[in-house]
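Undergrad: Each chain, letter by letter, is given below.
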Amino acid sequence: MKEEITTRIRDILTEHGRLAKEVAALGEDGDLYQAGMTSHASVNVMLALEGAFDVEFPDVMLRRSVFESIASIRAAIEELTGGR
Amino acid sequence: MSIVRGDGPEAVVGADLVQISQVARSLASLGEAYMRRICTPDEIAYCNASPMMAPARFAARFAAKEATLKALHLDDQGLDLRSIEVKQMPGGWTDLALHGRARQLAEEAGWSSVSLSLSHEGDYASAVVAVIINSRTGRR
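Top line first, the protein sequences correspond to chains A and B. 34 is the number of the first residue of the first sequence in our numbering; add one for each residue after it. 16 is the number of the first residue of the second sequence in our numbering; add one for each residue after it.
Some clues are possibly wrong.
Unchecked claim - A few chain A residues that don't get close to chain B, going by computed Cβ distances all over 10 angstroms:
| no. | residue |
| --- | --- |
| 1 | Thr40 |
| 2 | Asp44 |
| 3 | Lys54 |
| 4 | Ala58 |
| 5 | Gly63 |
| 6 | Ala68 |
| 7 | Ala74 |
| 8 | Gly84 |
| 9 | Phe86 |
| 10 | Asp92 |
| 11 | Met94 |
| 12 | Ile103 |
| 13 | Glu112 |
| 14 | Leu113 |
| 15 | Thr114 |
Unchecked claim - Calculated lysine to aspartate or glutamate pairs in the EDC-like style (CA-CA distance at most 20 angstroms, straight line):
| no. | chain 1 | residue 1 | chain 2 | residue 2 |
| --- | --- | --- | --- | --- |
| 16 | A | Lys54 | A | Asp92 |
| 17 | A | Lys35 | A | Glu111 |
| 18 | B | Lys85 | A | Glu101 |
| 19 | B | Lys85 | A | Asp92 |
| 20 | B | Lys85 | B | Glu25 |
In short, the hints are calculated from the structure, not lab data. For every residue, glycine included, the Cβ atom is placed at its ideal position computed from N, Cα and C.
Could you put together the complete structure from these sequences and hints?
TA: This is how it looks when you write it as structure tokens:
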């Protein structure tokens with residue numbers, strides 16, 4: 034389950050993240066902003082995540098730190114889906 | 016050189032630059048969800064009034080919202096981008112309207128007046144937000 038979520042996050046980052054390096058080369062704790070993700074790209078990533086996981090990010094989660102790494106995004110998705 | 020802050024008003028500036036072609040791509044791939052998550056109904060209506068200009072107008076508004084977050088020093092507090100609204104004024108000028116939590120945070124920071132300037136040229140749109148802060152009441 035954890036691997037499946039991570040794979041989907043990596044796919045979304047590949048399509049919407051506009052990173053300057055290959056997503057596959059990024060570790061789970063790698064800083065996505067340091068890897069080139071802009072604030073505009075992070076909104077696209079958020080919307081794509083909402084569509085893929087059928088969730089909605091509440092205002093309190095619309096923070097830079099939530100989208101700064103694959104691990105932090107996965108933690109947010111797990112919280113929003115409640116393990117379903 | 017050191018500058019010592021006094022008790023008088025202070026100025027704060029936030030600026031942002033957005034690539035219009037990336038916004039056009041987002042509009043094409045994410046459509047309504049993209050517009051509705053970032054902009055208010057009035058902003059969407061203004062942007063879409065000219066299909067040719069829509070990507071540039073959405074890009075300028077996104078830049079204005081990010082510039083406001085920078086002026087508020089809020090890059091890691093959750094805030095709905097729609098609580099920062101660009102108002103189109105008669106004569107073509109723009110103004111900034113803050114709602115809900117954005118307004119509350121600006122008041123707490125001591126914002127006494129704010130001015131917004133938008134621009135777009137080629138593939139880029141930019142926004143500058145200039146704020147006068149009453150440092151006696153602001154938390155900064």
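Undergrad: If a hint holds in the structure, say so; if it doesn't, say that too.
TA: Right, here's what the structure says about each hint:
1. Chain B leaves Thr40/A outside its interface by the beta-carbon criterion, the shortest separation being 20 angstroms against a cut-off of 10 angstroms.
2. Non-interface call for Asp44/A relative to chain B: holds, since the shortest CB-CB distance, roughly 14 angstroms, exceeds 10 angstroms.
3. Here Lys54/A stays apart from chain B, with its beta-carbon at least about 18 angstroms from theirs, past the 10 angstroms limit.
4. At roughly 22 angstroms, the least C-beta separation between Ala58/A and chain B is larger than 10 angstroms, which holds for a residue marked as non-interface.
5. Every Cβ of chain B is farther than 10 angstroms from the Cβ of Gly63/A; the closest lies at roughly 18 angstroms, confirming the non-interface assignment.
6. The claim that Ala68/A is not at the interface with chain B holds, since no C-beta of that chain comes within 10 angstroms of its own (minimum 16 angstroms).
7. Residue placement check: Ala74/A does not keep its beta carbon more than 10 angstroms from all beta carbons of chain B (closest about 7 angstroms).
8. Some Cβ of chain B comes within 10 angstroms of the Cβ of Gly84/A; the nearest lies about 7 angstroms off, and the non-interface call is violated.
9. Every CB of chain B is more than 10 angstroms from the CB of Phe86/A (nearest about 14 angstroms), matching its label as outside the interface.
10. Interface exclusion of Asp92/A from chain B breaks down, the closest Cβ pair being 5 angstroms apart, not more than 10 angstroms.
11. Here Met94/A does not stay apart from chain B, with its beta-carbon only about 6 angstroms from theirs, under the 10 angstroms limit.
12. Against the 10 angstroms criterion, Ile103/A stays outside the reach of chain B, whose nearest CB is about 18 angstroms from its own CB.
13. Once the 10 angstroms rule is applied to beta carbons, Glu112/A is consistent with being away from chain B; the minimum gap is 14 angstroms.
14. In this structure Leu113/A is separated from chain B by more than 10 angstroms, as the shortest Cβ-Cβ distance comes to about 14 angstroms.
15. Residue placement check: Thr114/A keeps its beta carbon more than 10 angstroms from all beta carbons of chain B (closest about 19 angstroms).
16. For the hint linking Lys54/A to Asp92/A, the alpha-carbon distance of about 29 angstroms lies beyond 20 angstroms, and the restraint is violated.
17. Distance hint between Lys35/A and Glu111/A is fulfilled; the C-alpha atoms sit about 9 angstroms from each other, no more than 20 angstroms.
18. Taking the CA atoms of Lys85/B and Glu101/A, the gap is about 17 angstroms. The hint holds against a cut of 20 angstroms.
19. Taken as a hint, the Lys85/B and Asp92/A pair is honoured in the structure, with Cα atoms around 17 angstroms apart against an allowance of 20 angstroms.
20. A threshold of 20 angstroms between alpha carbons decides the hint, and for Lys85/B with Glu25/B the separation of about 16 angstroms falls inside it, so the pair holds.
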